[in-house]
Amino acid sequence: MKQPLLKGAALIAGATLFAQPALAAPAADAVSPGTAYILNTLLFLIGGFLVMWMAAGFAMLEAGLVRAKNTSTQCIKNIGLYSIAGLMFWVIGYSIAYPGFAEGSLGLFGIADFPYAMQGVGAADTDTGYSVASDWFFQMVFCATTASIVSGTVAERVKIVPFFIFVTVLTAIIYPVVVSWEWGGGYLDSAWGFSDFAGSTLVHSTGGWAALVGAIIIGARTGRYGADGKVNVFPGSNIPLATLGTFILWLGWFGFNGASQLAMGTVGDVSDVSKIFVNTNMAAAGGVVVTIILTQVLYKKADVTMALNGALAGLVSITAEPLAPSVGQSILIGGIGGVIVVFTVPLLDKFKIDDVVGAIPVHLFAGIWGTLIVAWTGDATFVGQLVGVLLTMVWVSAASAVVWLALKYTIGVRPSEEEEVSGLDHAEIGVEAYPEFART
Amino acid sequence: MKQPLLKGAALIAGATLFAQPALAAPAADAVSPGTAYILNTLLFLIGGFLVMWMAAGFAMLEAGLVRAKNTSTQCIKNIGLYSIAGLMFWVIGYSIAYPGFAEGSLGLFGIADFPYAMQGVGAADTDTGYSVASDWFFQMVFCATTASIVSGTVAERVKIVPFFIFVTVLTAIIYPVVVSWEWGGGYLDSAWGFSDFAGSTLVHSTGGWAALVGAIIIGARTGRYGADGKVNVFPGSNIPLATLGTFILWLGWFGFNGASQLAMGTVGDVSDVSKIFVNTNMAAAGGVVVTIILTQVLYKKADVTMALNGALAGLVSITAEPLAPSVGQSILIGGIGGVIVVFTVPLLDKFKIDDVVGAIPVHLFAGIWGTLIVAWTGDATFVGQLVGVLLTMVWVSAASAVVWLALKYTIGVRPSEEEEVSGLDHAEIGVEAYPEFART
Amino acid sequence: MKQPLLKGAALIAGATLFAQPALAAPAADAVSPGTAYILNTLLFLIGGFLVMWMAAGFAMLEAGLVRAKNTSTQCIKNIGLYSIAGLMFWVIGYSIAYPGFAEGSLGLFGIADFPYAMQGVGAADTDTGYSVASDWFFQMVFCATTASIVSGTVAERVKIVPFFIFVTVLTAIIYPVVVSWEWGGGYLDSAWGFSDFAGSTLVHSTGGWAALVGAIIIGARTGRYGADGKVNVFPGSNIPLATLGTFILWLGWFGFNGASQLAMGTVGDVSDVSKIFVNTNMAAAGGVVVTIILTQVLYKKADVTMALNGALAGLVSITAEPLAPSVGQSILIGGIGGVIVVFTVPLLDKFKIDDVVGAIPVHLFAGIWGTLIVAWTGDATFVGQLVGVLLTMVWVSAASAVVWLALKYTIGVRPSEEEEVSGLDHAEIGVEAYPEFART
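Read top to bottom, the protein sequences are chains A, B and C.
For the first sequence, the positions run 14 to 453 when our numbering is used.
For the second sequence, the positions run 14 to 453 when our numbering is used.
For the third sequence, the positions run 14 to 453 when our numbering is used.
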């Protein structure tokens, strides 16, 4: 998602297209500007609905990995957060993410007019080379993804009202600020040449930091860690649902990474999108195979939830640069994502950080890995990438901590222990997920 | 879906494209007629498969909201109705929906050659500006959607044979007649300037009236309403499945509304499709947030099934006019859809109308709301819209009543009370949905 | 999928496009080569992600049709096989499938450079008329489909390590060899004019033979066939999940068949894709309606799993030639697919061949039917089609037998009877699918 819409300025690719199509491509490959506009827009629309579908993927993954007594809560959290993200990204998020930083400004915080006006886009906005509304839609679903990541980690012990308040701030301010630094042309982009094609850091690590800080401040689920240091396993209640969620996410990721090419109105762009599809798929495949082999070797059993998280870690790992690597490199990058999952999931438990679905290893640790490796595969420096990782850590952790702590000491974030033990569905929703199925 | 295929006449948009592309758009935006044909067709194909996918959404929503003993029945009803709708819309439905009303005719009923011949379409039918088969496919999935709405309301107490017979008549005749009045260029279109972009009335209210009449004639589920006026709650057996169904429907709605633009072969059309995507999403988001807040405030618990229906009501509400409103208006329109759901779901129970999944509030009441509000946001009069609503009510209610009553007094629509209590899966299908899970 | 990428040679359609666009289409329909390249590539990408999604469909179908104690195993098998298929098709499969047979060679086995290099494709490879990476992606997901078919039949009694080894050989060698004979321009294509548009034989029968041989060599599930010849029914544990899987497969099939047109850069091609969508849908609808009527008449109960398999059999039946038939013919072809399912599912049990999900009737028997009927609807001879069916039978059966037997007599394919009875999830995965739901 290098250089999407800079307000008031024509998109570089779009501008090129319109100014000099004959120079941009050999005559045989020329595409008329009108056709390119339609195709660029279509990429945003297809990519957008695929990434929107990831909201369902997170919902199913999380509904399958929590205990049955918290499943309805997880369902409403997921459909609620997707809705809030859309509203907040319209009200103010987009205007913070793409503020149109003035030259010479540090590029750390800016804000454009809000709520973001898309009224005029029915009439074609041909200067941009694509429909502004299609781009907004595509950007919005990324914002929602960030919030989805948090809901998995802090599941089973956060009340829905404070959770939704956190999501509101995350999608209105915390995430958009990070986006502004890079895709909005701000500090990381201008000062460090930071590179994050589709959001290993901007989306996944942002969600991951917010989740990690939340897990620490909120604390572990009641009974998760015994006094003797024993970790009590709370197995997921519905594995096929979690599997479905993972497949949905894998499917959606073709939109997430592929459409982050931001254009398919030229022969070169659509070829790049194709290569991104292949690399994205192969990184996920690498993550799955590695986790299956590792868990089979280490534990003599192939762990299905590890395999699912292996797929996701592979996907997150390739997200910072899904175009430049060869197929072999993509498999390797994704495979190492799988290794990270296998070894860091138990590590978090050592520190008594209770991550219900494994979102921190998948989205944060693999996101960092994916971001740093761009120094090898892509057009970036290790230092620049590290600065991006660290700046995101500092901002997202600090801002999230402020919000979680404010919630904790005002309305409270946790249900009573009694409510938690009886299940949030009973306490918060009043609708059981599986009212007819007897419990073991 | 204003003015889709009028048989024997070139589509207005298509004709413009072919006759005078240079005038229709500034030179920079020109798209060749061949390219426009491909892109228009592609919109129908993508929109078509997204709306086809909604059949799965209804199946999951309903499978999740019925009791476990009726889940297999609901599954076969949904895959069956989608299949029947396809067959009947080919045999005769399409020919009734698009009869090519002669000038001066009242435009209330007509019929073209049937079964609808698509044999010639392999050879490109370039006059239309799109593939005729792609348009038929897109129209067919709308017909199936109408039938899906009915199956949810009358679930758990209708035998499959009468249900499938009803679906046959609905998709062959009842729904196509309504379509002919508006999209087929008939009475509502020519005499009243009725406006229904993607079918708040034509699809959703039609399904809703058929469902309402069915619910009244068939009667409530055994034990639903106590002698003392008490409503016995029969909770849905699988909430994550219902959540999945809602997400599927939301995703499919981008095709439902977006592709009802009927063209993306111009810069203006694809920009309109993009705006429709945004408005559709935001109306659903408005519906969700409103239902969560309202149920939290009213009942101190956020009701997950209400939130799911809030999303759907938001979607139905924006369907009559998803292009003209601003983003803010869309949120408002969808949010009021959510209000309607929260207040009319209990209302139906007051009248002992037993709507298992809440399809009447969602599809009928929000459909009427969405249709009437076009007088504010779109290009229509309140009276014209009201006439459309009322005419649809009269025709669909009367025709549905005839069919349901004929079934009731011939082969019968309900299983015996004993069969109903033991579950339709046992009586009708012989395959339990969850044979291994013990019941509470 | 007639004539996809022949390495070293320009695709016929692409070559035509580039050499003489003005001659290929009337002036009004002309599409510039660059635009055609983008649209052809886009077809592969959309078709590719839809077929990728079928991997989730198989996973859900199988997870729903096995007993709960084997559900997690089925989940990991499905995500694992999709991953392995991707890796192996890259390492060597594609190079075997499209070896570029020399003229005069028999066309039975060849191999090109491997692993398949897609590094150069970021730069547009305009001679082909589409992105090479997009074509590879589309071909890869077909390879994965073949493996998915096997996993359903041999479910519940194969350990995961031998299963994954079999998948490795199947996707690396067995399937690619079959593909090379036809889509790779080999023996069946050059010597017999064999016709298999999207893979009734190449994909579905190949998977079906591998499954059949596996079922025979591995043997039936413990307790499936009583000493007295009685068949013990092991009902599927989650019917809505199986229904969801079927809907996913139906949706994916629009990509499977539609994108096998291999181009949509001309008005004629996109019209053909549209007709394929319609025929594909109607064949499935025919399969569903026929199975519902037949089971209702024969058993007085409409069998939901039969209806699901009826949809799939209809889809498999139309896959060998989804373009040429009329709509009526498509319904008939699919409907006969449904008949095949109803009568051959019990037949297999007579021979004590234990096919857990009914994949052999659906993919093998309906695949043969679909292949042979092309002699009526398409451009092929009955003898040519029969030779294709038989050659595939001989090769796939023999090669599969070698692999299954080698596994059986080395590492073993079955868990101990005790492990099988307690469930593979316990023995192999250590993660139960539904740990909280009490069993009946």
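It is possible that some hints are incorrect.
[Claimed, not checked] Quick list of in silico lysine-lysine cross-link-like pairs, BS3-like style, CA-CA up to 30 Å:
1) 314(C) x 365(C)
2) 243(B) x 314(B)
3) 363(B) x 313(B)
4) 421(B) x 314(B)
5) 313(C) x 421(B)
6) 421(C) x 365(C)
7) 314(C) x 421(B)
8) 314(B) x 421(A)
9) 421(A) x 313(B)
10) 313(A) x 365(A)
11) 243(C) x 313(A)
12) 421(A) x 363(A)
13) 243(A) x 421(A)
14) 314(C) x 363(C)
15) 363(A) x 314(A)
16) 243(C) x 314(A)
17) 243(C) x 313(C)
18) 365(A) x 314(A)
Worth flagging that the hints you see were computed from the coordinates, not collected in a lab.
So which hints don't hold here, by number, going up? 4, 11, 16
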